[in-house]
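Each residue of the sequence shown is one higher than the one before, counting from 0 in numbering that gives the first Met the number 0.
Calculated directly from the structure, the hints in this document are not laboratory data.
With a straight-line cut-off of 30 Å between C-alpha atoms, the simulated DSS-like cross-links for lysine-lysine are:
1. LYS229 with LYS430
2. LYS210 with LYS229
3. LYS486 with LYS430
4. LYS229 with LYS208
5. LYS375 with LYS486
6. LYS210 with LYS486
7. LYS375 with LYS514
8. LYS430 with LYS375
9. LYS208 with LYS486
10. LYS208 with LYS430
11. LYS210 with LYS430
12. LYS375 with LYS208
Label-pair restraints from in silico Cβ distances:
13. VAL443 with GLN594: 55 to 61 Å
14. ARG240 with PRO428: 19 to 25 Å
15. VAL645 with ALA209: 49 to 55 Å
16. LEU374 with ALA299: 51 to 57 Å
17. ALA299 with LEU557: 53 to 59 Å
18. GLY224 with GLY285: 31 to 37 Å
19. SER548 with VAL645: 42 to 48 Å
20. SER548 with ALA221: 40 to 46 Å
Glycine included, every Cβ here is placed at the ideal spot set by N, Cα and C.
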Amino acid sequence: MPWRSTRTRSTCRSPTSNGSGKASTPPSRNCGRRRTSSRRRDVSRPARRGPTHQGRGARRGLIRQGRGACAAGASPRAAARAPRAGGPHRPFGAASLGVCRRDQGPGRHRSRPEELGRGPATRRGRGTPPRSERARAAAASPAGPDPGVELQRPVQTTETRDTAQTIAGRDAASLAIAVPIAAPALVVDLDGALLRADPLHERLFALLKAKPLAVPGLAAAALRGRSALKAAARDEDADFRIGTCPRRPAVERLAREARDAGRSVTWLTRESPATEADDDMTDALGRDTERRRPEPSPEAEARSLAARHPDGFAYVGRSEADLPLWRAARERFGVDLSPGLRRRAEAEGLGIVELSRAPSLGRAVLRSMRPHQWLKNLLVLVPFALSMGALHAGDAGLALLAFACLCALTSGTYLLNDLFDIDADRRHPRKRNRPIASGDLPVVVAVAASAALVVGALLCACALRLAFAAALGSYLVITLAYSFRLKRMALVDVVVIAMLFTLRILAGMLLVSEKPSHWLLMFSIFFFLSLAFMKREVEFNVVSQAGRSTLSGRGYDLADRLYVVCCGISSGIAAVVIFSLFITATIERSQLNYQAPELLWGVMGLVGYWVLRMWMLTTRGLMNDDPILFAARDRTSVLLGAVCAVLAVCAQVVHL
Numbered sequence: 000m001p002w003r004s005t006r007t008r009s010t011c012r013s014p015t016s017n018g019s020g021k022a023s024t025p026p027s028r029n030c031g032r033r034r035t036s037s038r039r040r041d042v043s044r045p046a047r048r049g050p051t052h053q054g055r056g057a058r059r060g061l062i063r064q065g066r067g068a069c070a071a072g073a074s075p076r077a078a079a080r081a082p083r084a085g086g087p088h089r090p091f092g093a094a095s096l097g098v099c100r101r102d103q104g105p106g107r108h109r110s111r112p113e114e115l116g117r118g119p120a121t122r123r124g125r126g127t128p129p130r131s132e133r134a135r136a137a138a139a140s141p142a143g144p145d146p147g148v149e150l151q152r153p154v155q156t157t158e159t160r161d162t163a164q165t166i167a168g169r170d171a172a173s174l175a176i177a178v179p180i181a182a183p184a185l186v187v188d189l190d191g192a193l194l195r196a197d198p199l200h201e202r203l204f205a206l207l208k209a210k211p212l213a214v215p216g217l218a219a220a221a222l223r224g225r226s227a228l229k230a231a232a233r234d235e236d237a238d239f240r241i242g243t244c245p246r247r248p249a250v251e252r253l254a255r256e257a258r259d260a261g262r263s264v265t266w267l268t269r270e271s272p273a274t275e276a277d278d279d280m281t282d283a284l285g286r287d288t289e290r291r292r293p294e295p296s297p298e299a300e301a302r303s304l305a306a307r308h309p310d311g312f313a314y315v316g317r318s319e320a321d322l323p324l325w326r327a328a329r330e331r332f333g334v335d336l337s338p339g340l341r342r343r344a345e346a347e348g349l350g351i352v353e354l355s356r357a358p359s360l361g362r363a364v365l366r367s368m369r370p371h372q373w374l375k376n377l378l379v380l381v382p383f384a385l386s387m388g389a390l391h392a393g394d395a396g397l398a399l400l401a402f403a404c405l406c407a408l409t410s411g412t413y414l415l416n417d418l419f420d421i422d423a424d425r426r427h428p429r430k431r432n433r434p435i436a437s438g439d440l441p442v443v444v445a446v447a448a449s450a451a452l453v454v455g456a457l458l459c460a461c462a463l464r465l466a467f468a469a470a471l472g473s474y475l476v477i478t479l480a481y482s483f484r485l486k487r488m489a490l491v492d493v494v495v496i497a498m499l500f501t502l503r504i505l506a507g508m509l510l511v512s513e514k515p516s517h518w519l520l521m522f523s524i525f526f527f528l529s530l531a532f533m534k535r536e537v538e539f540n541v542v543s544q545a546g547r548s549t550l551s552g553r554g555y556d557l558a559d560r561l562y563v564v565c566c567g568i569s570s571g572i573a574a575v576v577i578f579s580l581f582i583t584a585t586i587e588r589s590q591l592n593y594q595a596p597e598l599l600w601g602v603m604g605l606v607g608y609w610v611l612r613m614w615m616l617t618t619r620g621l622m623n624d625d626p627i628l629f630a631a632r633d634r635t636s637v638l639l640g641a642v643c644a645v646l647a648v649c650a651q652v653v654h655l
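Just need the whole structure built from these sequences, with the hints factored in.
Structural data, given as structure tokens:
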């Protein structure tokens, strides 16, 4: 019977009797909504469903096949690797057309076919029953949710290759996508494709740290070629392990999928067999894989591989020397290809699938320079700020040039320090992501950038003032000694850190006047000595949480923790005492630099409070491994620093 709706009518209909003994339609999903309508509608006519809803339902029916495996409790990648009937060399690691996502919570797996270039993602609309009804239907089934639905496995075609090139440079692990191969064998260049760092450069720099006297012999070997240099380096350092070098996860994943699929995997490396058998990469490469030396020339190696694998092989390479092997391969994969090599491969029609893109070299250099650490170089401006009454207009430009020189020098020393600490950084949970330790910045480029920064800074300092250049030269020498040896000596390391901070202030003093302030130098030594001990206490906290008993690359163990805390707090209090003595001497002598030295008492109180607060946060485990950077991001520290700066300026210009 037709009915006319009121002006505002609820769409929720209660299940009441309609006179025929049957209940009316149960409440719909739109129960509770209200709509405004004034037209007639015959409830006996079914609602018309357009092609859009039918298309959604059809697509959703296909995608629901992939959801069945996820509902059974299996991970998306495990469901994609489910066995199926086929030949002995089925593609491995193939992702389904709909990648099941588990990051949306239980029951909210969504298909992501657009990541494989298969069209837009589908969304649940009115064409699909409510999720609660689907759950009840699955629970009522005797077998429960169907876990045996097999996900579709696309073979490797031009489309999948284009897709792999499209996702190159993105995090393939986050997409849960692996590139399949169909060849019965996989051959990987271990030195170039798997490792992110050149083993020869790593070995040479390790020799430079351990055996500096071996440098002349290595230089003579370098004149005879790369092969002679590699042999000489291997003879000097036979204990070098390539397992310490960072690896590319995409290549490891491809090789692991090949082994799981029953394919033979061959690693080509020029490292000695003894090194290969004993290094840490044995488990990563697989004990059932083959590792051998390549032929002297790429052409000879290509012919050898073609003879070894008559049914074809897949090859993973990186450089132009791999072009003959790519030409002989049935399938071709590449990592970190240069633009020139990419254009050449496209011109020859090789169709190389890129597993990863090389990171930006300029960005890696900039990260290694640590621009965030330039905040510490503002100490060179402290003497300028404390001598405001005696400065001239041209001193502002002089201060900026001094700051730039010090930033260039410290960035060069940071690069050197990362080069010397490369082994310890790779074992550190956070420092392993630094550009040099992670392999984003090659060792050769890091050495060249460090040399350019250091030489440029010293030349610019000589143009400003020779005394300033001498201070920067002393900073460089102490930093090198710290990187080579002093950082591994207990107590000496923290004293050196305090001296390096004080040298920044001394360099600024030498530009302002020829007579430095001994009060300021003494205060700086004890103040930054307290922060250096604070840094070691943070490292103790990290070591204790990791279950270790010693600091990696340091001369401390956990038994020294209480001693370090006591020394750090005592040094901070000593700095405050020295500052109070300076204020007393300034008031008694009525020095001209301060018109109202009594205001400095407020600065002293705030500095003492800040030191004690920082140590309280450190003992609570709330401090990071760089107290100065922590203070720059801490609101309380920034506020205290601003108040201290205002009081120090007022003490010089305000008459009480």
